[in-house]
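Q: Listed below are the residues making up each chain.
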Amino acid sequence: MKNYRFILLCVVLIVAQVFLVNFFSLSRWVVISLLPAIILMLPLKMGHISSMLLAFLIGFVVDFFGNGMLGLTSIALVPVALSRFFVYGMVFGDEMSSRADVISISRLGVLRITLASLLMCGLYFLVYVWVDSAGTVPFWPAFLRFFLSVLVGTPVSVLVSKLLRPE
Amino acid sequence: MARGGKVFAFFSTVAVFILLEIAAVSLLKRSSTLQDIWINRFSHNVMAATWGGITRIGTYFSLREQNDILAGRNYELYKELQRYKEMEKAVQAMAKLDSVNFKSRFKFVPAEITAMGTNSRHNYIIIDKGSEDGVIPQSAIITPNGVVGMVYSVDRHYSYGLTLLNERVSVSARIGRNGMVAPLTWDGTGTDHAILKDIPMHLEVPVGDTVLTSGISNVYPADIPLGVTQGSRLIDGSVNVVDVKLFVDFKALRYVIVAENPDREFIRKMEE
Chain A
1 MKNYRFILLC
11 VVLIVAQVFL
21 VNFFSLSRWV
31 VISLLPAIIL
41 MLPLKMGHIS
51 SMLLAFLIGF
61 VVDFFGNGML
71 GLTSIALVPV
81 ALSRFFVYGM
91 VFGDEMSSRA
101 DVISISRLGV
111 LRITLASLLM
121 CGLYFLVYVW
131 VDSAGTVPFW
141 PAFLRFFLSV
151 LVGTPVSVLV
161 SKLLRPE
Chain B
1 MARGGKVFAF
11 FSTVAVFILL
21 EIAAVSLLKR
31 SSTLQDIWIN
41 RFSHNVMAAT
51 WGGITRIGTY
61 FSLREQNDIL
71 AGRNYELYKE
81 LQRYKEMEKA
91 VQAMAKLDSV
101 NFKSRFKFVP
111 AEITAMGTNS
121 RHNYIIIDKG
131 SEDGVIPQSA
141 IITPNGVVGM
151 VYSVDRHYSY
161 GLTLLNERVS
171 VSARIGRNGM
181 VAPLTWDGTG
191 TDHAILKDIP
201 MHLEVPVGDT
211 VLTSGISNVY
221 PADIPLGVTQ
231 GSRLIDGSVN
241 VVDVKLFVDF
251 KALRYVIVAE
261 NPDREFIRKM
271 EE
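Chains as they are written, first to last, in our numbering: chain A, 1 to 167; chain B, 1 to 272.
FYI, nobody ran anything at the bench for these hints, they're computed from the structure.
Small disclaimer: the values here were computed from a predicted structure and weren't measured.
Glycine included, every Cβ here is placed at the ideal spot set by N, Cα and C.
Warning: the hint list may mix true and false statements.
Said to hold, decoys possible - In silico negatives: residues of chain A with every beta carbon more than 10 Å from chain B:
no.: 1; residue: Phe19
no.: 2; residue: Lys45
no.: 3; residue: Ala55
no.: 4; residue: Phe60
no.: 5; residue: Phe65
no.: 6; residue: Met69
no.: 7; residue: Leu70
no.: 8; residue: Leu72
no.: 9; residue: Ser74
no.: 10; residue: Val78
no.: 11; residue: Leu115
no.: 12; residue: Leu148
What the hints assert, rightly or not - Among the chain A residues that face chain B by a calculated CB cut under 8 Å, a handful are:
no.: 13; residue: Met46
no.: 14; residue: Leu82
no.: 15; residue: Ser83
no.: 16; residue: Thr114
no.: 17; residue: Val137
Claimed, not checked - Negatives, chain B to chain A, calculated, CB over 12 Å:
no.: 18; residue: Ala9
no.: 19; residue: Thr13
no.: 20; residue: Leu19
no.: 21; residue: Ala23
no.: 22; residue: Val25
no.: 23; residue: Ile37
no.: 24; residue: Ile39
no.: 25; residue: Glu167
no.: 26; residue: Gly215
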């Protein structure tokens, strides 16, 4: 039952992401993405390869239905999926990841979830902004875009995490 | 087994990651021209760096061979440099002789020794200048350090001569600039040694005096240093013989100067 709810919420969030991309572009300096949080909150029993395949698929769907460039989101999201367990080990400890338990704010605390979201968003936006710039944007404007996106994206990810795993 | 499984899982994860990234990049290349150009440029840079790295590694491992080649070239250049130095010395000495004493009397032609003998009692020399270079028989063969010999016969491009290390060759010499004149000949005892003959008994010859060409001969220019006196000895109870240590190192000779007296024929006719 919990899994169905999680899957349903993921689909809703992906649709929301498509809407965000198409109709709610805040500024050229800020990119809002709900996707790192979805990858962060995936069940621990889902391995590296499954996570990466799912990340690729989500990125493809968002790019396909959005007005973005096809492949851009996948390029940024697959490394996030690859580094998922590394972030778990670093922020939550090895014991947590080896117990194959679910991740939630109520169990791990806001601070640790925020830190994990920060790392995931950082990696995601780093790749996203770099590839999106395609060598045409100077360093500091690109860095400002990355910084602002992480600044906005991290609390959004914490909220999405709370929504996905309220227990 | 568990360890092997982990290794397999690691490599399969990396492989899937690379495949997914390649797929995403391929999609991006097709959907955006700007990203297509950027990715192409990036891939070209990566390829250039890779090939450059491979080339550098190959170059590093071929350094030993390059070093051998460079050492060989270095040796050849060293030999050539020595040759030019010797030639320069010969030309400078020739210019000095030409400008100071013999400008009006002798003509000089620099030459390289083609062959020379030092092991018999009648030693010879062959040089690479002949009649087409202005060399004529009975010209002097000299160096800045002394007399080498005399041209005996000439070909168009080569000349054959007798060296001072030949009993048939005699050079008119003077002991010191104002000393007595006597013939200098080789006594066959060594390549760096000759004798001054027919020195009167009553004349004392100090050891260490410089022996020079006298200039009385029509063949050899005057005041060319020949060697230093080493002492005298009585021969046949009537004349002294002075031992002379020669300046010329015959075994190390490579370049010489041919000194030709254009007035020699005129002087000979006057003598007749």
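Q: Give a verdict on every hint.
A: Taking the hints in turn, this is what the structure says about them:
no. : hint   : in the structure
1   : Phe19  : 20 Å, holds
2   : Lys45  : 15 Å, holds
3   : Ala55  : 8 Å, violated
4   : Phe60  : 7 Å, violated
5   : Phe65  : 13 Å, holds
6   : Met69  : 4 Å, violated
7   : Leu70  : 4 Å, violated
8   : Leu72  : 6 Å, violated
9   : Ser74  : 4 Å, violated
10  : Val78  : 5 Å, violated
11  : Leu115 : 24 Å, holds
12  : Leu148 : 22 Å, holds
13  : Met46  : 13 Å, violated
14  : Leu82  : 5 Å, holds
15  : Ser83  : 10 Å, violated
16  : Thr114 : 27 Å, violated
17  : Val137 : 11 Å, violated
18  : Ala9   : 8 Å, violated
19  : Thr13  : 4 Å, violated
20  : Leu19  : 9 Å, violated
21  : Ala23  : 7 Å, violated
22  : Val25  : 6 Å, violated
23  : Ile37  : 8 Å, violated
24  : Ile39  : 8 Å, violated
25  : Glu167 : 90 Å, holds
26  : Gly215 : 87 Å, holds
When the structure is compared with the earlier hints, violations turn up for hints 3, 4, 6, 7, 8, 9, 10, 13, 15, 16, 17, 18, 19, 20, 21, 22, 23, 24 and for no others.
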